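> Protein sequence lines correspond, in order, to chains A and B. One point on numbering: in our numbering, the residue at position 245 of the first sequence is 245, and numbering is uninterrupted. To convert, take the position in the second sequence, counting from 1, and add 1000; that gives our numbering.
Think of the hints as simulated: they come from the structure by calculation, not from any bench. One or more hints might be untrue.
Some residues of chain A that are not near chain B, with every Cβ distance over 10 Å (derived) [claimed, not checked]:
hint, residue
1, A7
2, W13
3, F30
4, Y60
5, E204
6, L231
7, M244
Stretch-level coverage of chain A by chain B, calculated; a stretch enters the list once three of its residues show a Cβ under 8 Å from a Cβ in chain B [to be verified]:
hint, segment
8, 42-56
9, 186-192
Keep in mind the model is a prediction, meaning the values are calculated, not measured. Each residue gets a CB set at the ideal place from its N, CA and C atoms; glycine is no exception.
In case you want the letters, here they are:
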Amino acid sequence: MSFLNRAYFASAWAVAWRYLHNLYTKPAVFVPGLIFPLFFLAAFAGGLSSVGDVPGFDYYDFTAFQFCFVLIQASALAGVFVGFSIAGDFEMGMGRRMMLATSNRSAIVIGYAIGAALRLIVVWVIITGVSLLAGMGVRGDGFDIAGMYMLGLLANLAALFFSAGIALRFRSLQAGPLMQMPVFIILFLAPVYVPQELLTGWIEPVASVNPVTALLDGARSLIAGEPSGLLLAYGVAIGLIAVMAVWAMRGLRKAEVAG
Amino acid sequence: MSGAVVTAGAGGSPLPIQIAAMAGRSVIRLIRQPAAIIPSVIFPLFLLAVNAGGLNAATDLPGFPTDSYITFAIAFTFIQSAIFSTMNAGQNLAQDIENGFFSRLVLTPMRPSALMAGQLAGLVLLGQFQALVYFAVGVAAGAEFAAGVGGYFVLAALVSIISIGFGGIGLIMAIRTGSGEAVQGMFPLMFVLLFFSSMTLPRNLIEQDWYRFLATINPVSYLIEAIRSLFITGWDGEALALGFGIATLIAVLSIAFAARSLKGRMLK
Chain A
1 MSFLNRAYFA
11 SAWAVAWRYL
21 HNLYTKPAVF
31 VPGLIFPLFF
41 LAAFAGGLSS
51 VGDVPGFDYY
61 DFTAFQFCFV
71 LIQASALAGV
81 FVGFSIAGDF
91 EMGMGRRMML
101 ATSNRSAIVI
111 GYAIGAALRL
121 IVVWVIITGV
131 SLLAGMGVRG
141 DGFDIAGMYM
151 LGLLANLAAL
161 FFSAGIALRF
171 RSLQAGPLMQ
181 MPVFIILFLA
191 PVYVPQELLT
201 GWIEPVASVN
211 PVTALLDGAR
221 SLIAGEPSGL
231 LLAYGVAIGL
241 IAVMAVWAMR
251 GLRKAEVAG
Chain B
1001 MSGAVVTAGA
1011 GGSPLPIQIA
1021 AMAGRSVIRL
1031 IRQPAAIIPS
1041 VIFPLFLLAV
1051 NAGGLNAATD
1061 LPGFPTDSYI
1071 TFAIAFTFIQ
1081 SAIFSTMNAG
1091 QNLAQDIENG
1101 FFSRLVLTPM
1111 RPSALMAGQL
1121 AGLVLLGQFQ
1131 ALVYFAVGVA
1141 AGAEFAAGVG
1151 GYFVLAALVS
1161 IISIGFGGIG
1171 LIMAIRTGSG
1181 EAVQGMFPLM
1191 FVLLFFSSMT
1201 LPRNLIEQDW
1211 YRFLATINPV
1221 SYLIEAIRSL
1231 FITGWDGEAL
1241 ALGFGIATLI
1251 AVLSIAFAAR
1261 SLKGRMLK
């Protein structure tokens, strides 16, 4: 681990700072990442609240049930949006300049990851604030809530490494749908509207093997103050991050080879 | 240049031939862009499949109009694809403006009405193809169609008018901005129109007052409910009258504004 020195972290921080600066000075880039989670929160928690009255739906609060989905979704999509930025930077030639200026290039990906995590805090504050204003009940204690946000952070990292791997291979914004669609699809193949026991048809077996289901169940149990399935949730999240980190680093090698 | 356009237009080939030429181009262009067509067909089917499995439990709510959620939800698929076609129409015209084809077209005797009709013809064709696919997939997956064979023709007619209406909105955006990026930027707004409607639950079962209010003033709700009535009720005169009325109004207004905008752009 000799590469983990001051220069490495200085490079990563420079990339993160540049990312955040660009993000917050361009509302057209920043606003959609905020609007989409709020929109889904309003559409699902508001429009579908009577689904909470369905026989067998025994979760304590429908808004909290949907909040957990929106939290995981917003966290994952924030990672995907970073993938867009990486692709855009490489398309413009900025990526090549960053590679020339960095002795250990994994610092570039780590820098984007730090930027994504800092961006995520703003998204979390806003969706949590809106949910609380909408009357969401929170039963978990501080430790539970911290665990729930940690799951969101892990989902963010997994999605970021996935989209970074795509961005570094294609180095073009045209690969945007390849980053966004798989994440969007896997999120919706989980128990989004009702608990898994109430799913019917083909989606039930799909949801039961979908890793996002473990994350959602874990987050929902934490905000309810009844933690369960956390070993599976954190195990799945860490496993996804490990696989996607390898995918991203191999993408970085390909970007290096391509010059 | 405006004088040249008007003179040439008046003395050029008849309007039907111009429309046919532009429609042919639009259709061929559509066929040659599977990357643009396939997602607009697949994505609504994906959401239908997810919602049908995920929200089937909602049919247990007292007052839910059917015991099959796919029968309830399939109407949304037709509207979603029509709204996606807004993007297609606008994107194609914006591309023509960006790459200079539109400027070259202005120098020909082509009339503005032919240009618009041609663009929309491809869209109506895509709309019909999508409607057929959604209908077949929906029925195969267990959706009931209460209106029978005659109802399909009513469905096809309504889908055509909706495609023209939303396609017209796409054309307005393309003509006014001349940018494909700006047209794509409309996507979130269109998505909001879709979601804040009666797409997932009947309006009388929406608990939140503010959401029910938004769904009630959202014209998309009435388009969905007209199509939904063909699947669930059969022939519901009120729902169909509202659906056709609103779709026609959107089509007339969007085409009128698009024609006006087009005239302005051709004069530039």
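> Check the structure against each numbered hint from earlier and tell me which ones fail, lowest number first.
Hint 5 contradicted; others consistent.
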